[in-house]
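Enquirer: Position chains E and Y against the provided structure of chain V, taking the given hints into account.
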Amino acid sequence: MTTEPRTSIVWDYAPAPEATDHVRLRDRYGLFIDGASRDPAESRYEQTLNPATEQPIAEVAWAGPADVTRAIDSARAAQPKWAALPDRERAKYLFRIARLIQERARELAVVETMDGGKPLRESRDVDIPLAAAHFFHYAGWADKLRYGVNAREVAPLGVVGQIVPWNFPLLMAAWKLAPALACGNTAILKPAETTPLTALLLAEICQEAELPAGVVSILPGDGETGATLVRAPGIDKVAFTGSTAVGRDIQAALAGRPTSLTLELGGKSANIVFEDAALDQAVEGIVNGIFFNQGHVCCAGSRLLIQESIIETLIAKLWRRMGRLRVGDPLDKNTDVGAINSAEQLQRIETLVAAGEDEGAQRRTIACELPEHGYWFAPTLFTEVSPAHRIAVEEIFGPVVSVLSFRTQAEAIEKANNSRYGLAAGIWTDKGAKAFEVASALRAGVVWQNTYNHFDPTAAFGGYKESGFGREGGPAGLRPYLKIAR
Amino acid sequence: MSRRLAHVDRVGVEERAAQLGKRSIKTSAKQQGIRLAVSMVDLTTLEGADTPGKVRHLCAKAVCPAPTMPEIPSAAGVCVYSALVGVAHEALAGTGVKVASVAAGFPAGQVSLEAKLRDTEDAVAAGADEVDMVISREAFLAGDDARVQREVARIKDACGDAHLKVILETAELGSYDHVRHASMLAMEAGADFVKTSTGKASSGATPGVCLVMLEAIRDYAEVTGRIVGFKAAGGVSTSKAALHRLVLVKETLGDEWLTPERIRIGASSLLNDLLLQYAKTETGRYGRAEDFSKE
Amino acid sequence: MSRLAVRKTYKLWIGGAFVRSESGRHDHAVQADGAQVNIPRASRKDVRDAVAAARKAQGPWAARTAYNRGQILYRAAEALESRTDQLAAVSDRGQVQDAVDVLVHYAGWTDKLHAVLGGVNPVAAPFLSFSVPEPTGVVGVVAPDGPALLGLVAELAPALAAGNTVVAILSEPHPLAGLDLAEVLGVSDIPGGVVNLLSGRRSELAPALGAHRDLNAIVDVSGDSELAAELDRLAAETIKRARHGAAVTGYDTAIADALERLDGLSELKTAWHPIGA
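Residue numbers (our numbering), protein chains in the order written: chain V, 1 to 486; chain E, 487 to 781; chain Y, 782 to 1058.
Looking at chain V on its own, in the form it has when it is part of the complex:
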């Protein structure tokens, strides 16, 4: 492992902490069932921690089997009336939610950062605005469903169970709830174990929007809560975003049952840089692709495929650029890379990185001062990586990028496709025809050309192969939530 000392700073940015005094969090949050906050049947409460400080933020109820049943019953009871509302009325509820998210944006961004560890700049500029935009977009589909799916008659599926991960807590909740509700379903959302807070604030927003009771339930808990939810008899459809391992379990659990399923799972996406790429912008795209959100991104560009003719130049530029990444307090507005979400995740990253070194890859980690408390991993680059190395095959879900070289376009495509995953890919070239040709050949659900990690509510997102099935975003995101009659 090599590190390089930083040059002595002549002009540094002073600490720029985001104010948190305007945020009003309760000490304790209940479950959100039937339009109100409820005590869990078994009185189980757990603390949710700030991963940057390891300090508890609030106590949150965890749902047990009885709570899941209660939520499903209320969702089932509310569903026919919700679906029977005139479409434009249903739309207006969702528009209200979108506007409320915008009004409470700063508070939501701060809480998202505190609960999950991502830099405030990202929760403020990406997560929260996109969450509002998703609700806004799907609000507009609610009364246009037959245009969206080209059918004369559509009907909702009923009650949907939705499980979201800890990497984009509020945004993933929006990706799930907005289309489900627009289509006339009612939904039970289980936020991730380590990041329940913004979902609970979203519950408050649902109340402020006067959303009818039972249309949305929020059930924090752990993996068991989720397992109970997806297997429950009253669920018509399951939507899951998370690891491939758990996705596999869910798919197996639903075998033989009519429950509709969509999965958005892991990835080991290839970011491919050709010799005729705009190199400086490619470097930005690489950095954005793997260090955005500490690499806690299912579609992260974690395999960097560089054409051999430019590999030395590009790695030199990339390494120098990595040295400018600011790692630290997520609430500091100048932080680029925040905290790792949990001790468990940090352990997983460290294990895989150690494996990388053991297998003979060359590791470089940027030199930076890491805070004493909290979970941190400094951005890391691996070169001399073989395609068979664990760090080239397994999803690390951290700020670690593995470099592989290629000589020809055909080889790049082959290497990129040679993975059980197929979520995303990046292509960097100045030649449009090449970009489109490579894009056509890649077995990946999202292909970014000369950019990376761009998301929009109108653009469908989802994976091939073991990265899952089903799409979220755009009109394609409506289909999983509808029965198309004719």
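Hints in this document: simulated from the structure, not taken from any laboratory.
Warning: the hint list may mix true and false statements.
Computed footprint of chain V on chain E, listed as stretches where at least three residues anywhere in the stretch have a Cβ under 8 Å from a Cβ of chain V [unchecked claim]:
#1 493–501
#2 506–517
#3 737–748
Here are the simulated BS3-like cross-link-like pairs (lysine-lysine), alpha carbons at most 27 Å apart as the crow flies [claimed, not checked]:
#4 LYS780(E) with LYS516(E)
#5 LYS686(E) with LYS780(E)
#6 LYS726(E) with LYS333(V)
#7 LYS415(V) with LYS431(V)
#8 LYS826(Y) with LYS792(Y)
#9 LYS780(E) with LYS766(E)
#10 LYS686(E) with LYS726(E)
#11 LYS540(E) with LYS780(E)
#12 LYS508(E) with LYS766(E)
#13 LYS434(V) with LYS317(V)
#14 LYS547(E) with LYS780(E)
#15 LYS434(V) with LYS1050(Y)
#16 LYS512(E) with LYS333(V)
#17 LYS766(E) with LYS333(V)
#18 LYS317(V) with LYS333(V)
#19 LYS516(E) with LYS333(V)
#20 LYS1050(Y) with LYS431(V)
#21 LYS81(V) with LYS483(V)
#22 LYS465(V) with LYS415(V)
#23 LYS540(E) with LYS686(E)
#24 LYS547(E) with LYS686(E)
#25 LYS837(Y) with LYS686(E)
#26 LYS512(E) with LYS726(E)
#27 LYS547(E) with LYS516(E)
#28 LYS837(Y) with LYS792(Y)
#29 LYS508(E) with LYS317(V)
#30 LYS333(V) with LYS508(E)
One-sided excerpt, in silico: chain V residues whose CB lies under 10 Å from chain Y [to be verified]:
#31 ALA91
#32 LYS92
#33 PHE95
#34 ALA98
#35 ARG99
#36 ALA133
#37 HIS137
#38 ALA142
#39 LYS144
#40 GLY148
Small disclaimer: the values here were computed from a predicted structure and weren't measured.
Backbone N, C-alpha and C define an ideal beta-carbon position, used for all residues, glycine too.
Expert: For chains E and Y alone, kept in the frame of chain V given last:
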């Protein structure tokens, strides 16, 4: 022979430049940044109505921008038309503030090479420490890179010991690919500084343009070992904009580059906004135009 | 002694400003409380100014993201909703609520039009070929006599949603709703010049609008068949897109032909790019 343009992706450039504009510069960093920016200002007046009296006032302001705030340094230089170089030279003698002359057919560059050389020689003879020339856009847009470079080299010769800043007039070049290409041409032909604009065109030192030029400077320094400086001119009229440019320098080239030896900002109204913002960091009050003398 | 009210001066809305007619002429209208008021009687020159303003505003309006246009239309709905009482006084409550809902409906169309009208074309050659709808440009609207508010909004909203800017001739017998709508839109985020509203004599203004060579499309909901024929003849001079429609009766009829309205004010651009290094 057709030229090979560099590949620069506009969307990527503008995203990166904009993102760096979100750096939050507070308290001590803001104060330090403002002082740095002041030290990099080339206080400029390029009007038909300029007179010796006006230039003398400007020089006094450049030497001591804010008598009530002694920690504010002198500006880097004063930038005037060649006819007024003598006045500025006399006014700035012994102060360390440089005299920069726009010359060589500024701003349009549509005069003969002989006239450009004569103008340059006159400016240098009158005491200019630095000469700001414009590249021939006419040659550049016709694809005649060799002529663009020849002119730069000849004017560099005519400068003698004076430093040459080469203005690209980025608003007229067409795209970021062209901006990078022109930067390279100028540096290879001997420029001591590359400068974005004359301040007379529709746009100047936008964040995207600055980023592209700073990257070109960085790459050129890497390959040749020669350091060419950067001057942002046009459109940098607020402290926020100035600090944004400093962030671009810092994060593209590194802290060692944050010095008036390598970075300049061509400005007129910027200086007072820097002083106002500095005063706010001390007093906590939002200021007004009258708080500082205009000249 | 009871308090004397400060009466409203009704004005045209052109280029984001409230102006009197350049002709200085006026007409009469009657408020709900029976009071007679003066309204501007717009002239051909006002039409000319309005088209110029709409043209100037069209590029920037179309350049905004679809999401942003949707947000602006939604905010116009918010602005109208919060002024329901004021507008109800010159039309009726149900109509105002329907108009709000129509604005909301089209706010939700801005970022969906491309998916519905456009797409990727599976051409039989190695090309990526795609078609995208773009706004036709400046749209003239001849509003119906009634329902004065809903009939106007039913044509404004789709034009704006598709990225066009509008010059509208208000209902001649019931102009107050449209003039009050101008005030409502003036406080929303709709940029100046995107909507321009003119009160006056339809027989004078509509042909002036329809003859303007810088208009891209004319939407006539007047129900006047002679006017319709004249507008069609004028449209032929510069191949304007012309549509004639029946006045709407409520929310359902207002949005029933949404796609037809949007499509009629869009141009489909098809592009091709080779796939192949």
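Enquirer: Hint by hint, note whether the structure agrees.
Expert: Comparing the hints with the structure gives:
{"no.": "1", "hint": "493–501", "verdict": "holds (count 7)"}
{"no.": "2", "hint": "506–517", "verdict": "holds (count 9)"}
{"no.": "3", "hint": "737–748", "verdict": "holds (count 5)"}
{"no.": "4", "hint": "LYS780(E) with LYS516(E)", "verdict": "holds, 22 Å"}
{"no.": "5", "hint": "LYS686(E) with LYS780(E)", "verdict": "holds, 21 Å"}
{"no.": "6", "hint": "LYS726(E) with LYS333(V)", "verdict": "holds, 16 Å"}
{"no.": "7", "hint": "LYS415(V) with LYS431(V)", "verdict": "holds, 21 Å"}
{"no.": "8", "hint": "LYS826(Y) with LYS792(Y)", "verdict": "holds, 15 Å"}
{"no.": "9", "hint": "LYS780(E) with LYS766(E)", "verdict": "holds, 18 Å"}
{"no.": "10", "hint": "LYS686(E) with LYS726(E)", "verdict": "holds, 22 Å"}
{"no.": "11", "hint": "LYS540(E) with LYS780(E)", "verdict": "holds, 11 Å"}
{"no.": "12", "hint": "LYS508(E) with LYS766(E)", "verdict": "holds, 20 Å"}
{"no.": "13", "hint": "LYS434(V) with LYS317(V)", "verdict": "holds, 24 Å"}
{"no.": "14", "hint": "LYS547(E) with LYS780(E)", "verdict": "holds, 9 Å"}
{"no.": "15", "hint": "LYS434(V) with LYS1050(Y)", "verdict": "holds, 23 Å"}
{"no.": "16", "hint": "LYS512(E) with LYS333(V)", "verdict": "holds, 11 Å"}
{"no.": "17", "hint": "LYS766(E) with LYS333(V)", "verdict": "holds, 21 Å"}
{"no.": "18", "hint": "LYS317(V) with LYS333(V)", "verdict": "holds, 25 Å"}
{"no.": "19", "hint": "LYS516(E) with LYS333(V)", "verdict": "holds, 15 Å"}
{"no.": "20", "hint": "LYS1050(Y) with LYS431(V)", "verdict": "holds, 22 Å"}
{"no.": "21", "hint": "LYS81(V) with LYS483(V)", "verdict": "holds, 17 Å"}
{"no.": "22", "hint": "LYS465(V) with LYS415(V)", "verdict": "holds, 15 Å"}
{"no.": "23", "hint": "LYS540(E) with LYS686(E)", "verdict": "holds, 20 Å"}
{"no.": "24", "hint": "LYS547(E) with LYS686(E)", "verdict": "holds, 23 Å"}
{"no.": "25", "hint": "LYS837(Y) with LYS686(E)", "verdict": "holds, 25 Å"}
{"no.": "26", "hint": "LYS512(E) with LYS726(E)", "verdict": "holds, 11 Å"}
{"no.": "27", "hint": "LYS547(E) with LYS516(E)", "verdict": "holds, 22 Å"}
{"no.": "28", "hint": "LYS837(Y) with LYS792(Y)", "verdict": "holds, 21 Å"}
{"no.": "29", "hint": "LYS508(E) with LYS317(V)", "verdict": "holds, 23 Å"}
{"no.": "30", "hint": "LYS333(V) with LYS508(E)", "verdict": "holds, 8 Å"}
{"no.": "31", "hint": "ALA91", "verdict": "holds, 6 Å"}
{"no.": "32", "hint": "LYS92", "verdict": "holds, 6 Å"}
{"no.": "33", "hint": "PHE95", "verdict": "holds, 6 Å"}
{"no.": "34", "hint": "ALA98", "verdict": "holds, 9 Å"}
{"no.": "35", "hint": "ARG99", "verdict": "holds, 8 Å"}
{"no.": "36", "hint": "ALA133", "verdict": "holds, 6 Å"}
{"no.": "37", "hint": "HIS137", "verdict": "holds, 6 Å"}
{"no.": "38", "hint": "ALA142", "verdict": "holds, 8 Å"}
{"no.": "39", "hint": "LYS144", "verdict": "holds, 6 Å"}
{"no.": "40", "hint": "GLY148", "verdict": "holds, 7 Å"}
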